[in-house]
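Those protein sequences? They're chains V, W and X, same order as listed. Numbering of the first sequence is given in the working numbering, commencing with residue 1 and proceeding in unit increments. Numbering of the second sequence is given in the working numbering, commencing with residue 1001 and proceeding in unit increments. Numbering of the third sequence is given in the working numbering, commencing with residue 2001 and proceeding in unit increments.
Everything labelled a hint here was simulated from the structure, so no lab data went into it. On a predicted model such as this, the values are computed, not experimentally measured, just so you know. Any given hint could turn out to be false.
[As the list claims (entries may be wrong)] Each computed EDC-like pair below joins lysine to aspartate or glutamate, with the alpha-carbon atoms no more than 16 Å apart: (1) Lys2299/X with Asp2502/X; (2) Lys2157/X with Asp169/V; (3) Lys2162/X with Asp96/V.
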Amino acid sequence: MAKTVVLERKPLSLSERTYLPQIATGLKTTFSNMFKPKVTLQYPEEKPVIPQNYRGIPTLVKDPNGREKCVSCQLCEFVCPPKAIRITPGEVPEEDLDREHVEKAPQEFEINMLRCIYCGYCQEVCPEEAIFLQQEYSSSGYSREELINKKDKLYELGGVLPDKHYKWDKKKKAELEGNSH
Amino acid sequence: MIEFMQSLEIWQILAIKIVFALMMIGAVMTMAGYSVLAERKVSALMQGRLGPNRTVLPIIGSVPIIGPFLQGLGIFQPLADGLKFLFKEEIVPGHVNKIYYYLAPIIALVPALTTMTVLPFGEFFTGAGETIPLMLADLDVGILFILAVSSLGVYGIVLAGWSSNSKYPFLGGIRSSAQMISYELAMGLSLLPIFLWVSKPGVEVSALSLVEIVNSQHQANWLLLVQPVSALIFLIALFAETNRLPFDMPESETDLVGGFHTEYGSFKFGIFFVAEYAHIVIGSAIFTIIFLGGWHFLPWMSDPWPANWVGTILGVGWFLTKTVGLIFFFIWIRWTLPRFRYDQVMDLGWTKLLPLALANLLFYIVLVTWLDQSAL
Amino acid sequence: MISPKNGKVVPIVLDGKDVEVPEGINLVEAAALHGKEIPHYCYHPQLSVAGNCRMCLIEMGTPMRDRATGNSILEDDGSPKIGWVPKPVIGCATNVSPGMHVKTESKNVLDCREGIMEFLLVNHPLDCPICDQAGECRLQEFATDYGRGYSRYVERKNVKPKRTRLGPRVTLDDERCILCSRCIRFCQEVPKDDVLGFVDRGSFSTLTCFPGRELDNNYSLNTVDICPVGALTSSDFRFKMRVWFLKESTSICQESSAGCNTTVSSREGEIFRITPRRNDHVNDSWMTDSGRELYKSVKSSERIYSARIKNDSTTSDAALLEAIQILKGKSLGVVGSCKSSLEEQHLLAQIAKKTKAKQFLRGHFGEDDGILLSADRTPNLRGALITGLTKTYPEDHLSALSLAIQKKKVNAIIVVGEDLLDSKVDQALLSNIPVVFIGTHENKTSRIAKVVIPSLTVFEKSGTFVNRGFFAQAFNQVVPGPAGVLPDLNILARIKNGLVEDLEQSADINLIWDEMSSVRNSVLKEVSFTQVKKAPVLLNGSKWSDLPFVEKDALHYQSSGKIRVKG
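So here's chain V without its partners, still in its complex pose (with noise of 0.2 Å):
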């Protein structure tokens, strides 16, 4: 156990008594702050810089040849802590061939952005890497029904990314080397 040692607190001096020279001090302090630059960030106009992984407005990104890559897991929906996600899933038609293979993909999707907490579980969660906290972070409007986020505004929050694996593509490539049955 650690040993408690008592100090001695020393008397104080006449000068320290009136307390004079401290005040001194503290106006020396506070007058040498006003020549110091300044932190305020004058927001409309100046914008913070985003660091690289912040975590705004969860939206759904499209890869890069132009499709959605959710294909609607209902896993962020599951994770989200708020339950500010719900997804109705549907099914991608056969005749789809822009979507080979990809079989489902959500007929809505929505984000309520009164209950998201940012979290980002649910791009943490996202096997097929569609659901982004981008560095969009200011969200209003005049009603409830405006801040729910549906899949089209989503879409056009989250854009493009460069897709690292091309799930989709190499799936078509092994189907057309050969490996089709």
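The hints should help you fit chains W and X onto chain V, whose structure is shown.
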């Protein structure tokens, strides 16, 4: 001066006085308004911020360079603040004593404005080589008048606290009255050595006249240098009387919400607000007059300006500069020191300042007596 | 298959522990009885053993004996020497024998499992985000528990058709299939409709229907349930909801008197699917496809959501008051329903008894498929017999009611769910007498009834059905009922309280059970709802053995009035 006055009809004198009075009210109120801005700006600068810089008037703001510059200084902010107070919804809580509730802010402001009637702020050189002090009323007992009237200001606060019929304002009011009584004593005692000094033998002036006090510092020591202890006590007491930090017991947001003005809103609150800053302005002016040589240039130096209207303007300007410097000092202190605890305030007033002021008085009595004797 | 013959037990040594297991069962079951899991895909307790997935490989051995003397060979320390089978054997096809030694957790076994998992996953697509099986997939579970955790396979995976239609209700994803043949065996053995088979060889192997056939029998969706992976999917449930969102409640299928035990999955008050629940005395692990569709009636457009008095909407409370006013003092006719729960039938019978009303009951009949769709298309006809709602076996019409009205013996009617106009009762007869209709869905009678009181479907209330084998089986509330709709028990209890000057009738299901079981000579004697909720209770139905029950011999059921429990 007297001949000049005698040559006028009574209504002319009255008219001149009213015009002067309005001008002074305008000046003091403007200064009070801008000290609010100064407070916000200075605190911002000390805290590494920028302070108000958004308010702008339509036309002036669009002038290139000057407009944005003024906007950056926040020059228009007091206007916006004043308008805000005017247009806010007037809310009167149901549990207050209506008459005193409305009366309180008025009582708080009136003494602050009344004090300035006896404040000299410069001198006017007539063609005949005479100098006439610039003031509304050249009272022989000016300093007594100021002490008497300015301490009335506390009634506004006590009344506000009491009539609000609510615990926080009530506590604020009580603290305020106790604080006033404690520091009034020290303040009065700190001034006595001044009178002794100014009206020392061989000087044929009334030491209670502010003009004479100022003039006694012309080409001589400032009283600050002669009587530093008095100046210190007076300054501390002045802080206490104006309810400024570190003595803002009646307000003390951290423990009393808003203190005496918790239940006040809109324009009534605005009046309290302005009264506080008017007190600061007047207090700074008084300190300048008594201890800093008023409109005179520097200790032991004769005024460098000519004895004509140019000199008058420069003198008044110099007086204002000193006052503004003191206002800055008030603000500076506020954003440097934390608030005292209530018992510390009482302790400082009664067991430190009062004995110190008495000792100071005794010392000067002995000193002046000794000088007196040796001069004979 | 579990078949403990004559209740005999045999001693075996499971992972070094002496245990006793029923004679004749296989090692997968034996291990499961003692809390050891032997993973398996192709083995299903209610199907024949195929042994083609190789997942259940274990090490097995028997104590060695000297050929010459027949004495046990001992180790140096005196324990018997075990002759381990040099290669691992499959647990599903190995039955227990006395003294058998089994290792389910040895290094060798774990290596086997890891290898099998790796082979199974070689061509398995990374489909989990899309796959409906995700969350209840054996491949996922065993890959986590026994897999190696990463893939060494760098070659391209096979690409196979993803949405082959096997039948009207089943879709096949060929890539996901691990060729366990459960579905093939099911079709052969349970519905006896041999339509599925494997074609091609090696990695080309594919499940397919026989030429010109499709998987369209009424049990096709059971293949989806038993598919250990996501290869067979229900076209109805496909891509509707992930299983981890679903709240599962136990229920009883109300399609017919077979009384299949079911699990009903719902999310936030919406039902998504019905799946069978294993009950070895009633339905094994199966149920009909038609029974799985019944949840759609909950959100049907014909559903009655608000009470009506003479076609004006009102609250259930007002309608109840009006109904009591109308019925009070009249010669009542009570038309019960074989679709009501036992408790509701009891309350209705009590109302009839206390008001000296005439009771009428209609049966609903159809084709019997000899498996789990019986000819009696109501879930609780035997409940009506038990509660005394009818003494005779009901006919498929209500001519008796017609006759009673004509003879002026009935001048007010309470109907629970039945359609009178559809049951040989003339509309003209009904125009003069007030009808109070209690039911969930609109029919011709509800449209002419004076007072309509909405009630709850099976999925929205709890109760008991007695199936064809006289098993009393409890069903639980799955989803909340529509706002403002009272449970049937409350409706009936309030009507009874309004009509009968008697002790206050409680609508509490446990108290009703107390009432029912306290009736003299009741077959429900000493049975409580808590008991029924825990497990189906077999009631003694010999009292009614003379009645002409229409059910044919079927799975776990033998007609001729004699109730028999198949071992």
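Status of each hint after checking the structure:
1. Lys2299/X with Asp2502/X: Violated. Lys2299/X to Asp2502/X sits at ~38 Å, over the 16 Å cutoff.
2. Lys2157/X with Asp169/V: It holds: about 13 Å lies between the C-alpha atoms, which stays within 16 Å.
3. Lys2162/X with Asp96/V: 14 Å, holds
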